[in-house]
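Take a look at the letters that make up each chain.
There are 2 protein chains.
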Amino acid sequence: MENGEKKNYESYVVVHNIAKRHNVGTLARSATAFGVSELILVGRRDFNAFGSHGSTSHLRFRHFHSLSLASSFLKERDCDICGVEITDNAVAVNEHPFRKSTAFLLGNEGTGLSAKECEICDFFVYIPQFGGGTASLNVTVAASIVLHHFGGVVKL
Amino acid sequence: MENGEKKNYESYVVVHNIAKRHNVGTLARSATAFGVSELILVGRRDFNAFGSHGSTSHLRFRHFHSLSLASSFLKERDCDICGVEITDNAVAVNEHPFRKSTAFLLGNEGTGLSAKECEICDFFVYIPQFGGGTASLNVTVAASIVLHHFGGVVKL
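So the protein sequences, as listed, match chains A and B.
Note that the numbering used here has the first sequence beginning at 15, numbered continuously upward.
Note that the numbering used here has the second sequence beginning at 15, numbered continuously upward.
Warning: the hint list may mix true and false statements.
All copies of an identical chain are treated as equivalent in the list; a pair is satisfied when it fits inside any one copy or across any two copies.
[What the hints assert, rightly or not] Okay, derived cross-link-like pairs now, SDA-like style, lysine to any residue, Cα gap no bigger than 20 Å in a straight line: (1) K130 with Y23; (2) K114 with G146; (3) K114 with F144; (4) K89 with T125.
Calculated directly from the structure, the hints in this document are not laboratory data.
Values in this document were obtained by computation on a predicted structure and should not be read as measured data.
Just need the whole structure built from these sequences, with the hints factored in.
Okay, here's the thing in structure tokens:
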């Protein structure tokens, strides 16, 4: 914000059949805070109700019926699709593997990204954990940490 | 985790009269993921019910009736107390101003840290925002981003 060239790469968040409605509202707040261009809802239509949230005045919502339609839209915008998931080839988010505008695809809590969801991803990032215990992070928490890194690196 | 000396500084999260009970459960999950030693609940007693959460097996809960009792406990452990708040002298969390074991004090959403809460803090960090809009982050999201930075810097 204060220093350096502003590359103006855009970020998107893609949410596919999210299980808990109230997560979308919190996700929208973080998306606004970290300069996300659009929150893309795929599948179930009832997400659209969240478009009117107070904190989302700078955030656009877009809906697609299928993952492949969402993917086509993002590819037309020359966007990488980054899955947030612990996979064999996932890169730690701290290493900032972002090269251009990026859409972040988040899986459902518990089950993570499905095979179908992984197929549309260009690469994967994971959030390193520390300490004795491990825990599945809340989906909004995971998204927020990733967006915070993307915003800090690419937009500053 | 993979490289370097392990300094084993500890982290704590201090929650003072948090407004929304369900935030404590999500906070406990992030605290577990990022190696927090203890979740310290100050004030209202009913927080203790969360001690039995499934994801918190590696996390201890501790209760104090007042902020000054919590502060004394932390000072005995040679712990810095870091307020998570946008104040005039707050440092961006990305700059990693952490020097030793640190307890993170979080304010209520909306009103932030009170004057009384600020008094027990040794320093403050804030989470930079990006883009056109600004939003108050969910308290668990804010805590998770800060713990992620602390864990990545001090424990790796």
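How the hints compare with the structure:
In this homomeric assembly, K130 and Y23 never come within 20 Å of each other (Cα to Cα): the closest approach is 26 Å inside a single copy and 41 Å across copies. Taking identical chains as interchangeable, the C-alpha atoms of K114 and G146 lie at most 20 Å apart only when they sit on different chains, with a minimum of 19 Å there against 35 Å within one chain. With identical chains, the CA atoms of K114 and F144 are at most 20 Å apart between copies only, with a shortest distance of 16 Å across copies and 29 Å within one. Neither within a single protomer nor between protomers do K89 and T125 lie at most 20 Å apart by alpha-carbon distance, with minima of 26 Å and 41 Å respectively.
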